[in-house]
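All chains, please: the whole structure from these sequences, using the hints.
There are 2 protein chains.
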Amino acid sequence: MSKTQPARGMRDFLPADIRKRNYVIGIIKKVYESYGFEPLETPAVENLETLTGKYGEEGNQLMFRILKRGEKLDISQGEKGLADLALRYDLTVPLARVVANYKNELPRFFKRYQIQPVWRADRPAKGRFREFYQCDVDAIGSSSMMVEAELISAVCEILQRLGFTDYKIRINHRKLLTGILDVVGVPKNYHIDALVELDKLDKIGSEGVLNGLMGKGISEKEGEALIFMFKRLSMAPTMLSIFDEQNKISEFSEDLRYKIHKDSLIGSLEKAREILSGSKDVQEAISDLIGIVNLITSEKVISTIQPDPSLARGLSYYTGTIMEVNVPDFAGSLTGGGRYDGLIGMFGKDAIPACGLSIGLERILYVMEERGMFDKLIAEGRLKADSADVLVTVWDEKTVGESLKLANELRSNGLRVLVYPEADKLGKQFKYADSIGIKTAIIMRDEEIAENKVKVKNLQTSEEETFAREEIAEKIKSR
Amino acid sequence: MSKTQPARGMRDFLPADIRKRNYVIGIIKKVYESYGFEPLETPAVENLETLTGKYGEEGNQLMFRILKRGEKLDISQGEKGLADLALRYDLTVPLARVVANYKNELPRFFKRYQIQPVWRADRPAKGRFREFYQCDVDAIGSSSMMVEAELISAVCEILQRLGFTDYKIRINHRKLLTGILDVVGVPKNYHIDALVELDKLDKIGSEGVLNGLMGKGISEKEGEALIFMFKRLSMAPTMLSIFDEQNKISEFSEDLRYKIHKDSLIGSLEKAREILSGSKDVQEAISDLIGIVNLITSEKVISTIQPDPSLARGLSYYTGTIMEVNVPDFAGSLTGGGRYDGLIGMFGKDAIPACGLSIGLERILYVMEERGMFDKLIAEGRLKADSADVLVTVWDEKTVGESLKLANELRSNGLRVLVYPEADKLGKQFKYADSIGIKTAIIMRDEEIAENKVKVKNLQTSEEETFAREEIAEKIKSR
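Line by line, the protein sequences give chains A and B. Heads up: the first sequence begins at 0 in numbering that gives the first Met the number 0, then just goes up one per residue. Heads up: the second sequence begins at 0 in numbering that gives the first Met the number 0, then just goes up one per residue.
If you're looking for bench data, these hints aren't it; they were derived computationally from the structure. No incorrect hints appear here.
If several chains are the same, the list does not tell them apart, and a pair holds so long as it fits within one copy or across any two.
The list that follows gives simulated cross-link-like pairs (lysine-lysine, PhoX-like), each with its CA atoms no further than 25 Å apart:
hint, residue 1, residue 2
1, Lys-375, Lys-19
2, Lys-29, Lys-383
3, Lys-383, Lys-28
4, Lys-19, Lys-29
5, Lys-67, Lys-79
Predicted model, so just to flag it, every value in this text is computed and none were measured.
This is the structure in structure tokens:
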């Protein structure tokens, strides 16, 4: 007898899980498609050389490698020569490979979404799995800030449709970060280290960050100046915060609210431009960010945007805008991404501008579950929790055919119909229906069949009603 | 610069491919759900010990094994100790594992479908891939022939909805095969070999099969008797064939056609029962098959059923009914399956009755592509071939915001809208739309914006028309 659990860090998804996952994935797909993003899928398995060297030392450690097969397997050479393939580690490297491989078939501007699992041999922990889904959306081929504006607008639409109302979209710019470091005088080769430390400002406070910076070899004076600068920018006073305190904004018209939010965002950004007027990088960054804000046309979207100069994100491949979506009751981000004009060209000769977001499907599912959002969706009838709308019972061996026939009639009317698979006591059949969440049962005994009627039992109230056979589909649908 | 092709035998699916695949998968899901089948998903990666020994020698050869990681990797012991995990090889073993692992959470009768990729290190060939999808549907927990009848009915519904009209569902029974071999006197230990040979009767004819049987050690006399018996059963004369020859049936009423098909099927089966009256196995098999036919309630379904005593199917785990779906222009089967009452219990203590079908998604896609069925679906507007319903052009930098705003208005009316990502010459924007199959473009210059109007260009005819902004969504939808 073998072990029956799934492999370590992997999960089986039973029907109730899949329904929730598919509900969320369905909304993500629908919104992305409404923006003209097209679906792409790539194989789970890639050539090892396609993935090697793309994810740094950590990626090399965590990649699942596949053993060579048959004669190709040569253990005499040690670890070398054991593996030739590996499991997909993210969706960005496969995208870059696809863009290079099909450059003559893909449109000049390629907007794609991809929702597939990736595999990482991480130590499993609460909310961390070895197989998990990524939902990536990327727009390839344009440097226009319209791309950022549409990505932000689409992700807002998705979160709103899922029922989130309290998310914030933090935006920043790689060049704003570089600019600040330059202005303060941090040498280029310390930039990455400095950003990693500054990213913790929210969590560990000024003193912790200062110690961290000094530990990385940055002088106390530069460190203090850096922290001051970040705090100064974050605190840039805005019209909005004054209004907000007085709780006035919600009473205004949508148009006015839109204007107030927009002016306020542009005000903060102009303030930052003033403070850091010495840096060309900063000027470019602020122009980009103001450009994005100017292209956000909806109050619902603009009211969620927060410029955040301390937002760094770990990955070093970003070249422009950086974005992250957060909710108050979850420590990590629900979505993150930005512009990376260097990465997509890695398999080709030319640099290709690109910008994208990755929605953390597992995290969204986790927060929705914790908040009881799925229960609400089920209660509202927007998410099905049952395997069928109705159970057709089987009275005896002779009437089985009539039960099957009725089931097909109901199915052709759009109902999901389960037929009890054997003739058995009705009580046992009702109990089974109840155990799998079905609320309606249909009874067809000889007398009902003879009169061309059908008896319907409400399994929650035990009420029974008899209807003409041709009415029955509509009666069940109207429940 | 790395290689940009996918790994050997694996495929990238570009948007046009995905749309076709999703169309077919969508119909399969919808029909299975209308029968009360529930979705299940299992991890791509299983513990090696879960899969080992389940697929015979071939499976062991073709399984993709995953290299152990970090300290667990010990190459000093040779091949042993190199791998601890493997990629999913089919969907049946994971189902058996799930049924054992969640026996307290799953319903007594568990009807599940599972549509996921599996991986086999087969030699790639035309139509044979190393990553391919399986669509399995199985009903666990009941020995009733209602299960078979519903599986047949569901697969017919799927094929009809996909547009197939010329498929046949061949049915046979494991015990009918055993019974025939017993009656003829073939010793038990030759049964499997004999069935493998008899399965070729269609392809290589009597003489070829006889030589094959003798090559396996079966005597000439037994071999001849076997072939005679199979031919005799296949030729059992039916009312149907007489009517069919005269091309009369199609003129009859649906009820009468149903009756004729059913009587004819039962007639052939009764004939076989008579011929093989000496075998208890045969009597059981015929009872099961007649039971199934009696439970098929639709003319559309019953007219596709063909009892075929030579149908063996390779897999040795079947215990009862065997089923296969074929179309004339494809050599293999589009769907196959049967009853396997021993297999699901392999991870537990108890034998659990089960019956299922596997739809060959890749084969169905292949036949539909070859027959031009997708082109027809696209022409009829039932399958979208374009990335968006409309392209909103961008006149200049100042009007970008208005273009984005209009796009969102159209999206909230249910349209899929692509916005050209940059201000550029209109001709270039039209050309781009055309290159990706979009047939309608929208123009918003300063004058249109000032008058709250929108210009619509038909990119196929170059006709332009101007509408009030609030009408535009409906106008585009009605095209």
